[in-house]
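Student: As a plain string of letters, each chain reads:
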Amino acid sequence: MAMSQIKEDSNQTEVVKSESAVSVKNITKNYGDIEALRDMSLEFPRGQLTSLLGPSGCGKTTLLKIIAGLLEPSSGYVEVNGKSVTGPGPDRAFVFQDFALLPWATVLNNVAFGLEMRGVAKSERESIAEKYIGDVGLAGFENSYPHELSGGMRQRVGLARALSVDSDVLLMDEPFSAVDEQTRRKFQEDLLSLVQNENKTFLFVTHSIEEAVYVSDQIAILLPRPSRVSEIIRPSSFRGKGVDNIRRDPEYLDIVDDIWSSLRTYVE
Amino acid sequence: MISRANLLKVLSAFLLCGAWEIAGRIPVSYAFPTFLDSMRAFFEMIGNGVMLAAYKETLRPLVIGIVISAVLGIGLGLWVGLNNFFDWLFSPIFIVMQAAPLAALIPLLVLAYGIGLTSKVLVVCIMAMPVIVLNTSGAVRNTPESFKEMGKSFLASRTSVLLRIVIPAASPVIFAGLRLGVSAGFIGAILAELKITPTGVGDIITYSRSIADYPSMYAAIFSIILLAVLFLNLLEKIETILFKGNQRGYVSD
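Sequence order for the protein chains is A and B.
Going by our numbering, the first sequence opens with residue 1, and the numbers climb by one from there.
Going by our numbering, the second sequence opens with residue 1, and the numbers climb by one from there.
Hints are computed from structural coordinates only; laboratory data are not their basis.
All figures in this text were calculated on a predicted structure; none of them were measured in a lab.
Some hints here could point you the wrong way.
Lysine-lysine pairs mimicking DSS-like chemistry, simulated, CA-CA at most 30 Å apart [as the list claims (entries may be wrong)]:
(1) B:244 / A:131
(2) B:237 / B:148
(3) B:237 / B:9
(4) A:200 / A:65
(5) A:241 / A:200
(6) A:122 / B:237
(7) A:131 / B:9
(8) B:56 / B:195
(9) B:148 / A:83
(10) B:244 / A:122
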């Protein structure tokens, strides 16, 4: 088989650990009687993109919000760069599924929001924000309001806001699920070059198998009831072949098929 | 160049005044004067200073009452909206206040606070405050969760989340409450002058009616409506200046 699968192997976890930007250790999360996550452990290698993939209700967004410090785990802990997470921190930035842009603020002020909360002076944060607005391809829209932008452009604003605070880890909660298919493909290509050029660790939640295989260095398959990591897949051969060739690469197609066959029983 | 929106406003006012004039000429009642007669009385009262003297009296409880209601109402509303305990403590009071038949309760207020300014300010507040408090608390409680999560994940302090996210997000509904509250306050001010002691504009209304000078009576009523409309427009302008992007819906539309 062309793909390599990391199963529970104590030697290998040791090696991965030192290179992990984010480590999730034995996380359990209960909502009242409902067990959303049970004893989940997962490593996120530094500088790579890891997808959390699974059917709806498998707790992938819950896990991402625990890593972000927005939710408290019932037990277990999360380490980012070796430090235990107690709440949101400057080492992590979040990209929201529904963009979460402030409708009363301009694009510039939305992008500069994170910097403003960190106490960066006005002129400095505006020049940083302008740079990232340009980077995501929205130059000229600095003074527009969110309602004047298309869905894809709004998520670019959300991305610029997350990039502008320059944190090590980027947490993306189904960032492309609310944009149209063509924009989505463009976003996926842009994301690949972002992973390559920025020295950041990406955590990417998605429910699209194709998307996960296309963009990920590592895919964690989550299964529901109770939520657990069923397997970790690391595509190996097609990453270097260029964005145009990935979708017709045999390994890409094999992985997509394999994932579907293991997930299909969990989808009604 | 006059804009389409303003043109429509003028047209609507013109239609209303025309209907008034026609109704006055039929006449629908001998106690209902024509628009032109009322306007004549209106400008006469402005000319001889009666109107100015009346508004000096009326505006005092009105302005004091509205300022108290706005500041205290928004403050309390934020508090009630952010804290379940204060919601439990205060919400019923304002719901009762809003539903209470105020005119029937005015004698109680007079017994307790006399016939002076205090009672009149209280009437304005009781009319204006509940809707401001209830709107503010409701709006604050319904702040989209993702906005708050966004604030937290980008390291906003509790104060920043309140000032930069919760209040701006709630502002359209808060301003809607202010508009309703201010209109109710105007009604309260006149009600107080009719029911407690006839002073100011209330005095013009009561006195003109008693001597069957209906044009003056309707001129006084017209003046208070005009003032309320002007004030509500001012409020709308303030809202537009403060929260520009809010004018057109939410991002998630």
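Student: Could you run down the list of hints and mark each one as holding or not?
Tutor: A quick look at each hint next to the structure:
no.: 1; hint: B:244 / A:131; in the structure: holds (24 Å)
no.: 2; hint: B:237 / B:148; in the structure: holds (28 Å)
no.: 3; hint: B:237 / B:9; in the structure: holds (16 Å)
no.: 4; hint: A:200 / A:65; in the structure: holds (18 Å)
no.: 5; hint: A:241 / A:200; in the structure: holds (22 Å)
no.: 6; hint: A:122 / B:237; in the structure: holds (27 Å)
no.: 7; hint: A:131 / B:9; in the structure: violated (45 Å)
no.: 8; hint: B:56 / B:195; in the structure: holds (19 Å)
no.: 9; hint: B:148 / A:83; in the structure: holds (25 Å)
no.: 10; hint: B:244 / A:122; in the structure: holds (20 Å)
Violated hint for the displayed structure: number 7, the only one.
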